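Asker: Listed in order, the protein sequences are those of chains Y and X.
Convert by adding 118 to the 1-based position in the first sequence; the result is the number in our numbering.
Convert by adding 118 to the 1-based position in the second sequence; the result is the number in our numbering.
Fair warning: there could be bad hints in the mix.
Given that identical chains are not distinguished, each listed pair holds provided it fits within a single copy or across any two copies.
Claimed, not checked - Quick list of in silico lysine to any residue cross-link-like pairs, SDA-like style, CA-CA up to 25 Å: (1) Lys123 to Ala620; (2) Lys609 to Ala699; (3) Lys452 to Pro285; (4) Lys609 to Asp695; (5) Lys452 to Arg297; (6) Lys684 to Asp524; (7) Lys165 to Asp455; (8) Lys452 to Glu710; (9) Lys123 to Lys165; (10) Lys609 to Arg691; (11) Lys684 to Ala627; (12) Lys342 to Arg355; (13) Lys663 to Arg352; (14) Lys609 to Asn364; (15) Lys658 to Glu710; (16) Lys684 to Arg614; (17) Lys130 to Phe406; (18) Lys342 to Asp217; (19) Lys342 to Ala454; (20) Lys342 to Glu388; (21) Lys663 to Glu138.
Read the hints as simulated data drawn from the structure, not as lab findings.
If you're wondering where the values come from, they're calculated on a predicted model, not measured in any experiment.
2 protein chains.
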Amino acid sequence: MAVYKAPVRDMKFVLHDLFESDRRFAELGYDEATPDLVDAILDEGAKFCENVIFPTNRPGDRQGARHEHGRVRTPDGFREAYQALTEGGWMALAADPADGGQGLPGALAMCFEEMLQSSNMAFALYPGLTRGACVALHAHGSERLRRDYLPRMVSGEWTGVMCLTEPHCGTDLGLLRTRAEARDDGTYAVRGTKIFITGGEHDLTENTVHLVLARLADAPPGVKGISMFVVPKRLLRDDGSLGDGNGVQCASIEHKMGIRGSATCVMNYEDAVGYLVGEPNRGLACMFSMMNHERLLVGQQGLAQAEVAYQSAVAYARERVQGRALNPARRTGKAADPIIVHPDVRRMLLTARANNEAARALLVWAALLVDSAERHPDAAERERAADLTALLTPVIKAHVTDYGFDACNLCLQVFGGHGYIAEWGMEQLVRDARIAQIYEGANGIHALDLVGRKLPMHDGRLMRRYLETLDAFCDESASDAALSEFSVPLKAAAGRLRDATAWVNAAVARDPDETGACSYDYLRLVALTAFAYMWARSAKVALAKLEGDNSGFYRDKLTLARFYMKRLLPHTRSLTDTLAAGADTLMELEAEAF
Amino acid sequence: MAVYKAPVRDMKFVLHDLFESDRRFAELGYDEATPDLVDAILDEGAKFCENVIFPTNRPGDRQGARHEHGRVRTPDGFREAYQALTEGGWMALAADPADGGQGLPGALAMCFEEMLQSSNMAFALYPGLTRGACVALHAHGSERLRRDYLPRMVSGEWTGVMCLTEPHCGTDLGLLRTRAEARDDGTYAVRGTKIFITGGEHDLTENTVHLVLARLADAPPGVKGISMFVVPKRLLRDDGSLGDGNGVQCASIEHKMGIRGSATCVMNYEDAVGYLVGEPNRGLACMFSMMNHERLLVGQQGLAQAEVAYQSAVAYARERVQGRALNPARRTGKAADPIIVHPDVRRMLLTARANNEAARALLVWAALLVDSAERHPDAAERERAADLTALLTPVIKAHVTDYGFDACNLCLQVFGGHGYIAEWGMEQLVRDARIAQIYEGANGIHALDLVGRKLPMHDGRLMRRYLETLDAFCDESASDAALSEFSVPLKAAAGRLRDATAWVNAAVARDPDETGACSYDYLRLVALTAFAYMWARSAKVALAKLEGDNSGFYRDKLTLARFYMKRLLPHTRSLTDTLAAGADTLMELEAEAF
């Protein structure tokens, strides 16, 4: 069976030990985020997610969301779980107090979010998108819109959704056709059909705020003619209470591979009343506030599913006896040993775990960078944090979901035939995790974003800063002999990344197709190196704390770091070969010859 | 939508051009297998699979097999499809004429099998297991058993299934508990419960022959006390007609991630009448005749699903317009270009295809080796063929299913969000393909088989012969300048494999845990090199046929070979690092610390 205990111990390590959050939170003006409060929130959040949310995961997949006469019913138990989530104040952790939020650090909210996404990924999408919509509305909405909508979205009383995709236009938003026509009263009539709208209709709340991308009548073609609108499911009366329904209809929901408790809706907007958010024709920029937030959350889904998969596979591998240990010294003396004695079973488990712990650290670092970019007292530090965030967001979105899916499959494999049987819960993790590689921009698009947009930005400043960050760590570790088994491989990988970056920059200048030809391997190279950086930093902390460590926690961190450096990081060697194979290997075949 | 046209052109290339089957078939005494007959069978087989079997695939997944009052109903359409399969004589292609078979080469049957498995993997399991059961019964059954059962299994009038797994015993058959008690009439009373019995009960035929592993009363413990029994669902009267039901009951079927049209049964044998096959306590050896056959077929499932996934993704990538080509010269002048212009989309498609064509060649080669091991006039050649078959079987089973699953996922990714929606058919391919990595021995077990059993066998003769085969090709190609872009990387990969083999042999002698610690990476290294060998040989043929090639077929083969050498084979570089990371990286963590 799938089992889950929130990895609170590791979260505390990442926050307190690895990133010294106590100091950092204070530096960023989060005065209330004392160590005690942080720990209490993690402990309570863990209990809440394990006991209230996780039990809804399997039944929710079996029952799925149902479309009945234009309404969507979420699986049994989702309404109660959602109510408990909002009543516990879990929705509002990191939101601005001005909007009714608790004003806590994003890094702390990121940890809670991991627990929530582990407990039920399909369920977590409803509040997850709501928080992203709050970010966009907070940043770009008029005072009136913020006042009318934000507090009730921050609390979770209403949900928020993002509405971009249309049948003929997914990645390429320039093709978007939904129209918005100005009315005399300053509102807009929104007309069009959107597909793949996660949570577009449901029964968890009385109202849902749709952030819809549409074209104004006089809009220029392409992405420069897209505006963003608030289109509520139900209109507000002047006193702010809920009034009539708006022209917002759910035509159907999709039958999907996974996240079946999440309603993926076809939405029709039929002269729906919309309110412009931000400037006309600048809707894509507004939506990016939401998307950058969601991209980290979607990246985290890979980790969240892989964490449950790992824990479940460990429980099975400890209990299932089958075959004898290869090394006689490890045998139990019974007819068969628990399969956790087998090196190849351990390879699968350790691969999942070493990636999970690195991903967790990287996500928390990213959350700290997002907060630093906004709140750090030093402008130079704000700029640096913004640069690293921009660089790491596509890397996290794509790589964490890629390895996360692979990790779920490795952990399913540990179960043998039982992994393939629905009642054991492992195959649901695989099916659920698969979507994270696709939505919020397919992973190949993020690779293109990295190479095509982020690398050239500010004359290469983003990658330069990233490499400087790695170099600084390697330099300060150079004389630390105990750390060298971690810092030396990191330095080598950083060197490969530097060389590959030079190769990519030259190749892209020569042939535009090289951007797409090398992008996927290049992203993976950046990601493997980022994970190595997280492990080397973790190892440094662990070495410092090793003495007096009775729990074995820090010793095990070093074991995992070692595993990562020796068994996973070496993949960077072949990536430098394949990414430099050149575009011709991909472009030579005629389209007709495929 | 998932689409499928049998890759007959490529099969003809592999048979006629690559392996010179005309000459080889004659050499092995397959006098009837003339080129014309071979082509006619491929052409007719393609039509049959595309038109009769493939249409049952999606509905079969939606409806699934159903368990009702101890009986299993296959999805609508399966009965008619099965009847057409048997009436067309497709079941009997490669069976011995003495058993009612057509006596055609296994390599030809292997090609038909690919088409059948592409068209409906869940359906293909019923006849596929039957053919495996025929192989075992042909090799080990008494004259009476062969006479009573084989002709009606060969024709498909009855099916055959293999019954190994029990709730507490999958990989580790030594733990098996099903008992067989001798009766006075020379039969046995079989008692026990088996799980995961594919096709254990169904409505396609009136009778099913269960090959059941069980223990005799006086059997020694462990795998040396296992015997094999024929346990028919219905007993035969003296005149050979169907008589009473036997004590064979289907208690339930599993709800699975995929292959939902295939009934995966819990079977109870309650004093069922069984007939001993072969010698007492030698049942595992008998079952291996079937398992070695099935392992190649299961390996082929990875290719078969990946082929459909590839074709479907190509069709989508040609039609779906989204975004502009990176290189302005490739743009269509419309608002968006078909996504097949994007290098990263091509990376995904070409990865699937380059692996598919190599896997197809490798499977046909394996089938030729199986036939050669049995029928080649030269004893030395029989031995060599048996050695290579033994070495390649685990490699094919594990690697073709691994890459096949990955390829299905890559091709699903090409569809973006639509790939995740059931009606497009891509997610079914992923769900179906996943089982092939698990059943018929989980892939990690095959890696252990390769390193722990096949490498040391006959003092390393198997791998030596394999490397000699690669060396011979590289040596004879050394002076061929046009071939060097393929033969040089192959030679380098073979060199890495030779070094890795030496490392593995030394490591395993030092520490038994190294067997399992390096096995997975080692298997992958062997597999990538085998694929490179198939591509280098294909390139050699293509170069020779390039002149006068109006279709572009041979030019495209060279493009694919180039892609493989530059983009996929380099992965061997990092594998040599990771496999030599040593067992300590896996064994250091205490079981409690996971």
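Asker: Run through the hints listed earlier and report the numbers of any the structure violates, in increasing order.
Answerer: 1, 7, 12, 13, 14, 17, 18
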